[in-house]
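Undergrad: Each chain, written out:
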Amino acid sequence: MITRATTLVRLALRNLRRYLRRSLLTAAAMIVGGGLMIFSLSIGDGTHEQWIESGARLGSGHITIQAPGFQATRKIDDRLSVSARSAAEAALRQPGIAEHVVTSVPQLAIGGLASSPSGARPAQIVGVDPVAEAEFSILDDKQTEGRYLEPDDRLAAYVGAGLLEGLDLRIGSRLVLTAQDADGEIADQLVRVVGVFSTGVPEVDQALIHIPLATAGSWLRSGDDVTTIAVLADNSRAVNRLSRSLRRQLADEIDTGRLTVLTWREASPELDAVVRIDDLGNYVWQGIMFGIIALTIVNTVLMSVMYRKREFGLLQALGFTPRQTGGLVITEGLTLTALSGFVGVALGVFLTWFFFRDGLDFSFAWDEDWSFSGVVLDPIILPLFSVRRFVQVLVFILFIGSVASLYPAYRATRIDVAESMKFER
Amino acid sequence: MSEQSAAAVRTEDVWKIFEQEAEEVHAVRGVSLTIEPGEFIAMAGPSGSGKTTLLNLIGGLTRPTRGDVWVAAQNLAALSSPRLARLRLEHIGFIFQAYNLLPVLSAAENAEFPLLLQGVNGGERRRRVQELFERTGLAGLEDRRPGKLSGGQQQRVAVIRAVVAEPALVLADEPTANLDSAASDSLLDMMEELNRDLGTTFVFATHDPRVMQRARRLIRLVDGAIASDERRGSEPNR
Numbered sequence: 001m002i003t004r005a006t007t008l009v010r011l012a013l014r015n016l017r018r019y020l021r022r023s024l025l026t027a028a029a030m031i032v033g034g035g036l037m038i039f040s041l042s043i044g045d046g047t048h049e050q051w052i053e054s055g056a057r058l059g060s061g062h063i064t065i066q067a068p069g070f071q072a073t074r075k076i077d078d079r080l081s082v083s084a085r086s087a088a089e090a091a092l093r094q095p096g097i098a099e100h101v102v103t104s105v106p107q108l109a110i111g112g113l114a115s116s117p118s119g120a121r122p123a124q125i126v127g128v129d130p131v132a133e134a135e136f137s138i139l140d141d142k143q144t145e146g147r148y149l150e151p152d153d154r155l156a157a158y159v160g161a162g163l164l165e166g167l168d169l170r171i172g173s174r175l176v177l178t179a180q181d182a183d184g185e186i187a188d189q190l191v192r193v194v195g196v197f198s199t200g201v202p203e204v205d206q207a208l209i210h211i212p213l214a215t216a217g218s219w220l221r222s223g224d225d226v227t228t229i230a231v232l233a234d235n236s237r238a239v240n241r242l243s244r245s246l247r248r249q250l251a252d253e254i255d256t257g258r259l260t261v262l263t264w265r266e267a268s269p270e271l272d273a274v275v276r277i278d279d280l281g282n283y284v285w286q287g288i289m290f291g292i293i294a295l296t297i298v299n300t301v302l303m304s305v306m307y308r309k310r311e312f313g314l315l316q317a318l319g320f321t322p323r324q325t326g327g328l329v330i331t332e333g334l335t336l337t338a339l340s341g342f343v344g345v346a347l348g349v350f351l352t353w354f355f356f357r358d359g360l361d362f363s364f365a366w367d368e369d370w371s372f373s374g375v376v377l378d379p380i381i382l383p384l385f386s387v388r389r390f391v392q393v394l395v396f397i398l399f400i401g402s403v404a405s406l407y408p409a410y411r412a413t414r415i416d417v418a419e420s421m422k423f424e425r
Numbered sequence: 001m002s003e004q005s006a007a008a009v010r011t012e013d014v015w016k017i018f019e020q021e022a023e024e025v026h027a028v029r030g031v032s033l034t035i036e037p038g039e040f041i042a043m044a045g046p047s048g049s050g051k052t053t054l055l056n057l058i059g060g061l062t063r064p065t066r067g068d069v070w071v072a073a074q075n076l077a078a079l080s081s082p083r084l085a086r087l088r089l090e091h092i093g094f095i096f097q098a099y100n101l102l103p104v105l106s107a108a109e110n111a112e113f114p115l116l117l118q119g120v121n122g123g124e125r126r127r128r129v130q131e132l133f134e135r136t137g138l139a140g141l142e143d144r145r146p147g148k149l150s151g152g153q154q155q156r157v158a159v160i161r162a163v164v165a166e167p168a169l170v171l172a173d174e175p176t177a178n179l180d181s182a183a184s185d186s187l188l189d190m191m192e193e194l195n196r197d198l199g200t201t202f203v204f205a206t207h208d209p210r211v212m213q214r215a216r217r218l219i220r221l222v223d224g225a226i227a228s229d230e231r232r233g234s235e236p237n238r
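Residue numbers (this note's numbering), protein chains in the order written: chain A, 1 to 425; chain B, 1 to 238.
Among these hints, one or two may not hold up.
Said to hold, decoys possible - Quick list of in silico lysine to aspartate or glutamate cross-link-like pairs, EDC-like style, CA-CA up to 20 Å:
1) A:K75 - A:D224
2) A:K75 - A:D181
3) A:K422 - B:E19
4) A:K75 - A:E266
5) A:K309 - A:E419
6) A:K422 - B:E174
7) A:K309 - A:D181
8) A:K75 - A:E165
9) A:K422 - B:E21
Note that these hints are calculated values from the structure, not bench results.
When you get a sec, could you build the whole thing from the sequences and use the hints?
TA: Okay, here's the thing in structure tokens:
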């Protein structure tokens with residue numbers, strides 16, 4: 001059996017070499033297809049990674065640990081207790097989890113009202129640890145005036161440019177924050193604008209305010225409680241594994257309804273939908289491209305079968321079964337696609353890395369303020385390479401190669417041996 | 001049944017009818033024939049007399065329109081395509097007019113091909129091929145591709161391929177047609193020797209008077225039917 005399999009491979013390789021021009025032409029189509037696929041997937045993955053990273057750093061991380069009802073209510077009543085927060089922080093320090101956590105930050109986030117002498121606006125107020133948040137969030141990088149919060153700040157506020165404009169504020173202006181506190185009472189807090197940011201995301205710039213966590217705790221009478229622990233993973237692909245580990249580690253707290261663990265897909269369903277739709281678009285485009293390549297392969301391999309009728313007839317006269325004859329055609333197709341697949345992937349990776357390792361610059365098409373679904377679109381897209389994608393592309397190319405060889409292989413099995421032996425080249 | 005078991009080949013009222021543009025062409029008409037093991041037979045006749053078709057029917061390369069063909073005591077009509085392929089691999093060797101070597105394999109690889117398909121190990125394959133190459137004067141040409149061999153050398157490789165697995169039956173379709181007289185004689189010597197030494201049954205379809213002269217049984221075909229069946233010389237080499 002092994003002898004026959006190696007015979008098929010040996011014959012296939014030699015036939016491919018014998019009909020070198022035809023083999024190279026077919027391989028070229030596969031190589032270009034594989035290379036383009038790697039380029040397009042790595043750029044697509046890089047884009048998605050940037051979207052997800054932007055969404056995570058502007059919001060509540062790749063993974064969010066919060067009280068079960070908080071996602072829907074955004075009320076301080078649905079906050080994490082001190083013990084639930086401690087359990088979550090301990091879980092984040094566990095081996096197997098800690099390695100994948102870049103940073104995690106406590107946040108006390110509530111909906112409220114921001115008022116100035118010029119008027120009032122609904123606001124998303126987030127109490128943050130200034131040092132930890134500066135490492136986690138991209139808001140400090142988006143600063144346009146003043147400065148970000150500092151550890152000694154007490155009555156400082158870092159506000160979005162849209163809100164600043166809407167309330168006619170400037171650096172040093174005072175504004176009053178109003179929200180329901182932990183006792184259910186309406187409470188006010190006077191703060192002073194120390195810095196302004198502009199992300200380009202209107203819903204963020206017109207509503208978000210960062211204040212020190214300690215100030216928020218005393219204002220809202222929630223002590224050291226927080227509503228959210230936002231976790232930043234080393235990359236978005238680690239999120240599922242990390243969330244599973246956290247859920248295992250925090251099973252008791254989850255079962256007793258003290259907290260829940262949400263991935264960015266669950267916490268930001270709009271972003272999840274956009275990523276999935278964009279992925280689908282990429283797959284459809286690649287499907288069409290490979291459909292065309294598959295037709296080329298069918299045509300080439302079929303022509304080869306017709307041209308080599310006499311050879312296939314001879315093989316059957318010598319003892320090849322029809323199935324083995326078809327197997328030879330498929331082996332040739334698979335060998336060719338495997339070789340071209342490897343070359344295509346390698347070439348795709350190399351060219352994408354060589355030309356675009358510093359990013360594919362789309363700033364001619366959109367500026368830095370482009371945004372959607374709460375994420376900022378960076379006009380410079382960095383390709384993202386992953387072994388999983390390379391394997392996917394190779395498997396896909398092999399699949400296309402074998403499917404495209406099926407019909408020619410079927411034709412080879414149906415050859416009339418006696419007739420084919422009459423066939424003169 | 002015992003007669004069928006003893007015979008190398010037996011055909012019973014075999015017909016092969018081809019349809020060509022709504023017209024029926026009777027290539028073989030009711031041929032009944034018994035070939036004993038070890039025979040050295042020539043089937044002669046003009047072009048279109050049905051020699052090659054009869055050879056193809058015996059080799060299981062095509063199926064009869066009517067009638068039965070037994071080879072190695074097996075009725076070919078009852079065999080599926082894979083079993084027919086197995087029968088060809090184990091019991092029949094083919095030699096074709098146009099040599100039909102696989103161009104991508106070397107001379108030795110072409111010669112050992114049936115053994116490879118039978119799963120014979122590499123050492124044994126090389127030993128058998130080497131022995132036959134030496135016996136047929138091809139030693140030293142093992143690694144040459146068919147394109148680098150003369151017609152006579154290619155046909156010798158084809159003969160080695162046909163006999164290397166020691167099949168009971170070798171079917172040769174015009175094996176000397178493309179060879180000069182010296183190469184033809186040398187090839188026929190070789191096949192006679194194999195017939196004598198191994199008891200292999202040889203059936204030739206031929207126009208070549210040299211082959212007819214050496215055959216110990218000459219069957220003449222005319223219009224797809226046996227016109228004469230003449231036995232001469234010694235008994236079959238069993």
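Undergrad: Given the hint that K309 (chain A) pairs with D181 (chain A), test it: the Cα-Cα distance must not exceed 20 Å.
TA: Violated - the C-alpha atoms of D181 (chain A) and K309 (chain A) are around 85 Å apart, more than 20 Å.
Undergrad: K75 (chain A) and D224 (chain A) were given as a pair; does the straight-line alpha-carbon distance stay at or below 20 Å?
TA: Measuring from Cα to Cα gives roughly 16 Å; hence the hint holds.
Undergrad: Compare the distance between the alpha carbons of K422 (chain A) and E19 (chain B) with 20 Å, and conclude whether the hinted pair is satisfied.
TA: Distance of about 16 Å is within 20 Å: holds.
Undergrad: Starting from K422 (chain A), check that the Cα of E21 (chain B) is at most 20 Å away, please.
TA: Measuring from Cα to Cα gives roughly 18 Å; hence the hint holds.
Undergrad: Hey, K75 (chain A) versus E165 (chain A), does the alpha-carbon distance stay inside 20 Å?
TA: Given pair K75 (chain A), E165 (chain A) is violated - Cα atoms ~27 Å apart, limit 20 Å.
Undergrad: Straight-line Cα separation of K75 (chain A) and E266 (chain A) no greater than 20 Å?
TA: holds, 18 Å
Undergrad: Are K75 (chain A) and D181 (chain A) close enough, with their CA atoms no more than 20 Å apart?
TA: With Cα atoms ~9 Å apart, K75 (chain A) and D181 (chain A) stay inside 20 Å; holds.
Undergrad: If you draw a straight line from the CA of K309 (chain A) to the CA of E419 (chain A), is it 20 Å or shorter?
TA: This hinted pair holds, its Cα atoms lying about 9 Å apart.
Undergrad: Taking 20 Å as the top limit, are the C-alpha atoms of K422 (chain A) and E174 (chain B) close enough?
TA: Status holds; Cα separation ~13 Å.
Checked against the numbered hints given earlier, the structure breaks hints 7, 8 and satisfies all the rest.
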